[in-house]
Amino acid sequence: MNKENKTAIVTGSSSGVGAASCVEFAKRGWNVVINYSKNKSDAYELAEKCKKFGVEALVCQANVANEEDCKKIVNETIKTLGRIDVLVNNAGTTKYCNYNNLEGLNKKDFQDIYEVNVIGAYQMVKFAVPYLKKVNNGAIVNISSISAISGVGSSIAYAASKGALSTMTLSLAHALAPEIRVNGICPGFIQTRWTKSFLGDRYDSVKENIEKASLINKTSLPEDIAKGIIYLAIDAVTTSGQLLTIDGGQLVNQGKM
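For the sequence shown, position 101 (counting from the first letter as 1) is numbered 316 according to my numbering, and the numbering increases by one without interruption.
No lab work stands behind these hints: they were computed from the structure.
A couple of the hints might just be wrong.
To be verified - No more than 25 Å apart at the CA atoms, straight line, and that leaves these computed lysine to aspartate or glutamate pairs for DMTMM-like: (1) Lys348 / Glu271; (2) Lys287 / Glu260; (3) Lys341 / Glu282; (4) Lys322 / Asp284; (5) Lys294 / Glu394; (6) Lys348 / Glu291; (7) Lys442 / Glu423; (8) Lys310 / Glu423; (9) Lys242 / Asp450.
Build out the structure end to end from the sequences listed, making use of the hints.
Printed below as a string of structure tokens:
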């Protein structure tokens, strides 16, 4: 067990952006902590993929909405890998609901979404901070969404939660400076299984329309977002309190005459 390797915790990492991020960290010689809530088989398959790069991969089942589970992820990381250099708050949830259907969301829907997307991220930060302060260039990357900027996404509750996460990212950057850098990423449409699951039969048409609406006629793969995460986590040593938008130029192009 090489506890000298730097270590990254990536929540919600059994698939999609989280999984791609773990692979990118592993390629760079980092140990990774793969977190899943339900998708056990994919999590362990990802661990084997990461280990092929000569690193350790710890798999941890936990629901970040649960405070004790967040504490467990951090404690198991320290016990097994000895350090935390980067925390990526990637775990997220939503409920698809048309914006015009105000009756489609209730109090519990908001609470369930906020518990994962906002409170879960905060809890992970709270427990990881003592260890992030012990390393050089400790960093946190929160995965928000362009929904936080545009107000448009899978539901009003989701967009509101990502707006809260983006603001919390800025607050944490103030609170944890100078020892820990805190940044966020606001992805646009991502070609993931998660996106396909809530769009269903509409997936192809929505993807095509968004590509047409972007400056470069492209939508992101998970690997594209993962490379942005790596940049903010490792390379951007003088960057904190920033929100990086990765959306193919969709938001910018909305103002085109």
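Next on the checklist: Check the hint pairing Lys287 with Glu260 against an upper bound of 25 Å on the C-alpha distance.
Outcome noted: Distance of about 21 Å is within 25 Å: holds.
Checklist entry - Has the given pair, Lys348 with Glu291, been kept, meaning a C-alpha gap of at most 25 Å? => result holds (18 Å)
Item to check | 25 Å limit on alpha-carbon distance, applied to hinted pair Lys242 and Asp450 | outcome: Holds - the C-alpha atoms of Asp450 and Lys242 are around 15 Å apart, at most 25 Å.
Next on the checklist: So if I understand the rule, the pair passes when the alpha-carbon distance is 25 Å or less; does Lys341 with Glu282 pass?
Outcome noted: holds (10 Å)
Item to check | Hint consistency between Lys322 and Asp284 [alpha-carbon to alpha-carbon, up to 25 Å] | outcome: Holds. Lys322 to Asp284 sits at ~24 Å (cutoff 25 Å).
Item to check | Proposed proximity, Glu394 with Lys294 (alpha carbon, max 25 Å) | outcome: OK: Lys294 and Glu394 at ~23 Å, within 25 Å.
Item to check | Hint consistency between Lys310 and Glu423 [alpha-carbon to alpha-carbon, up to 25 Å] | outcome: holds (22 Å)
Checklist entry - Is the straight-line distance between the alpha-carbon of Lys442 and that of Glu423 25 Å or less? => result holds (23 Å)
Checklist entry - Within 25 Å, alpha carbon to alpha carbon, are Lys348 and Glu271? => result holds (22 Å)
In the structure shown, no violation is registered for any of the earlier numbered hints.
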